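Engineer: Residues 1 to 177 in UniProt numbering are what the sequence shown spells out, letter by letter.
Bear in mind the hints are in silico, worked out from the structure with no lab data behind them.
Here the structure is a predicted model, which is why all the values come from computation and not from measurement.
The beta-carbon is built from N, C-alpha and C at its ideal position, and this holds for glycine as well.
Warning: the hint list may mix true and false statements.
Computed spacing ranges between beta-carbons, pair by pair [what the hints assert, rightly or not]:
1) L125 <-> P44: 39 to 45 Å
2) T21 <-> M81: 24 to 30 Å
3) G88 <-> K160: 17 to 23 Å
4) E139 <-> G82: 39 to 45 Å
In silico BS3-like cross-links for lysine-lysine, where the CA-CA straight-line distance does not exceed 27 Å [as the list claims (entries may be wrong)]:
5) K19 <-> K146
6) K19 <-> K155
7) K160 <-> K145
8) K145 <-> K19
9) K160 <-> K146
10) K133 <-> K160
11) K155 <-> K47
12) K133 <-> K19
13) K47 <-> K146
14) K145 <-> K28
15) K28 <-> K133
16) K145 <-> K47
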Amino acid sequence: MAVNRRPPWVEYSELDLSKATPFDRVNKWYELACAFSTDTHETPLLKIMSLESVVSSPTPDSPHHSVTVFTLTVPRSLCNMGYNLHGGAVALIFDMCTSMSINALSHPGFWDSGHVSRTLNCTYLRPVPEGGKIWIESEVVHLGKKMGLTRGVIKDENGKVCYVCEHGKAITGGGKL
Numbered sequence: 001m002a003v004n005r006r007p008p009w010v011e012y013s014e015l016d017l018s019k020a021t022p023f024d025r026v027n028k029w030y031e032l033a034c035a036f037s038t039d040t041h042e043t044p045l046l047k048i049m050s051l052e053s054v055v056s057s058p059t060p061d062s063p064h065h066s067v068t069v070f071t072l073t074v075p076r077s078l079c080n081m082g083y084n085l086h087g088g089a090v091a092l093i094f095d096m097c098t099s100m101s102i103n104a105l106s107h108p109g110f111w112d113s114g115h116v117s118r119t120l121n122c123t124y125l126r127p128v129p130e131g132g133k134i135w136i137e138s139e140v141v142h143l144g145k146k147m148g149l150t151r152g153v154i155k156d157e158n159g160k161v162c163y164v165c166e167h168g169k170a171i172t173g174g175g176k177l
């Protein structure tokens with residue numbers, strides 16, 4: 001039986017975040033996602049991630065640039081049978097974190113509603129074992145009217161790059177015919 005709940009992007013798009021910092025915008029989305037996702041596949045992940053920093057640094061050549069950093073300690077529930085972070089969990093982590101980095105740049109009418117993945121290309125360089133702490137760095141490379149591109153890097157506690165991704169995004173809401 002489906003529960004009728006308002007998706008977090010609907011609530012987010014109705015908030016007045018005009019005076020919010022980039023950190024506040026990402027954190028608000030994260031809070032709404034945590035409140036909404038009580039029984040979805042990302043629920044366990046949302047409960048163990050921590051938002052560490054958000055930097056928005058637009059330039060004339062790159063007007064939509066931001067970087068977010070999340071951390072988490074890898075629990076057994078996200079590991080494969082070899083006690084390392086599962087490849088599917090890596091993709092989920094990248095999907096969640098790179099998507100939330102877009103919220104640092106959102107404003108009314110610009111990437112403030114729902115968006116979905118067009119592509120998510122992950123490269124696995126080295127494993128992270130159960131109990132290892134990881135840093136997830138996500139960068140917004142480009143945001144257009146309908147399409148966007150983000151990149152992600154997961155590093156271990158020694159700063160070694162373990163996984164990288166490129167994540168293509170598309171807006172689902174706010175369009176007019």
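Engineer: Against each hint, give a clear statement of whether it holds in the structure.
Structural biologist: Hints and how they fare:
In this structure the supplied range 39 to 45 Å is violated for L125 paired with P44, their Cβ-Cβ distance being about 24 Å. Distance hint for T21 and M81: a CB-CB separation of about 42 Å, inconsistent with the stated range 24 to 30 Å. Restraint check, G88 to K160: a C-beta distance of roughly 21 Å satisfies the suggested window 17 to 23 Å. In this structure, E139 and G82 break the distance hint of 39 to 45 Å, their C-beta atoms being roughly 30 Å apart.
Taken as a hint, the K19 and K146 pair is honoured in the structure, with Cα atoms around 24 Å apart against an allowance of 27 Å. Distance check on the hinted pair: K19 and K155 sit about 32 Å apart at the alpha-carbon level, beyond 27 Å; violated. The straight-line distance between the Cα atoms of K160 and K145 is roughly 35 Å, outside the 27 Å bound, and the hint therefore fails. Of the pairs offered as hints, the one joining K145 and K19 holds, with about 22 Å between alpha carbons and a cut-off of 27 Å not exceeded.
Our distance criterion of 27 Å between C-alpha atoms is broken by K160 and K146, whose separation comes to about 34 Å. Of the pairs offered as hints, the one joining K133 and K160 holds, with about 12 Å between alpha carbons and a cut-off of 27 Å not exceeded. Restraint check: the Cα-Cα separation between K155 and K47 comes to about 20 Å, which is no more than 27 Å; the hinted pair holds. Proposed proximity of K133 and K19 is contradicted: the alpha carbons are some 33 Å apart, above 27 Å.
For the proposed pair K47 and K146, the alpha carbon gap of about 30 Å is over 27 Å, so the pair is violated. Annotation: proposed proximity of K145 to K28 holds, straight-line Cα distance about 23 Å (limit 27 Å). Pair hint K28 plus K133 holds up; C-alpha atoms about 24 Å apart against a cutoff of 27 Å. About 32 Å separates the Cα atoms of K145 and K47, which puts this hinted pair outside 27 Å; it is violated.
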